[in-house]
Amino acid sequence: MQSKPPSLEKKLAALLLLILATGCGRKKRISRNSGKDNESYAKARKFRDSGQKDSAFIYYNSAKIEYKKDNDSLGFIWLEFKPITVITTVV
37 MQSKPPSLEK
47 KLAALLLLIL
57 ATGCGRKKRI
67 SRNSGKDNES
77 YAKARKFRDS
87 GQKDSAFIYY
97 NSAKIEYKKD
107 NDSLGFIWLE
117 FKPITVITTV
127 V
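Residue numbers for the sequence shown follow my numbering, beginning at 37 and rising by one.
Treat the hints as calculated values from the structure; they're not laboratory data.
Check each hint, because a few of them may be wrong.
Unchecked claim - Here are the simulated DSSO-like pairs of lysine-lysine, each with C-alpha atoms no more than 30 Å apart in a straight line:
(1) K89 <-> K105
(2) K89 <-> K104
(3) K79 <-> K47
Throw the hints in and build the complete structure from the sequences for me.
In structure tokens:
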């Protein structure tokens, strides 16, 4: 007697269980400062408010790099376009 090959449903169920098992086992490192200001971001705001756009641009870019290095997606996404708005804002 030959055994039947596994059905498509069984293959899909096994694949789903494998994906769930490997995906749930990973623990993400969550930064305690997720989404909060870093030092560069605070300096950039001060320069922006005082009208020093060139310095604000430099510090916004520095803050973006720090957020990305810390895997802080909230801060990084917020700052992705921030330097552009600093340059194009008319005072």
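Consistency of the hints with the structure:
{"no.": "1", "hint": "K89 <-> K105", "result": "24 Å, holds"}
{"no.": "2", "hint": "K89 <-> K104", "result": "22 Å, holds"}
{"no.": "3", "hint": "K79 <-> K47", "result": "55 Å, violated"}
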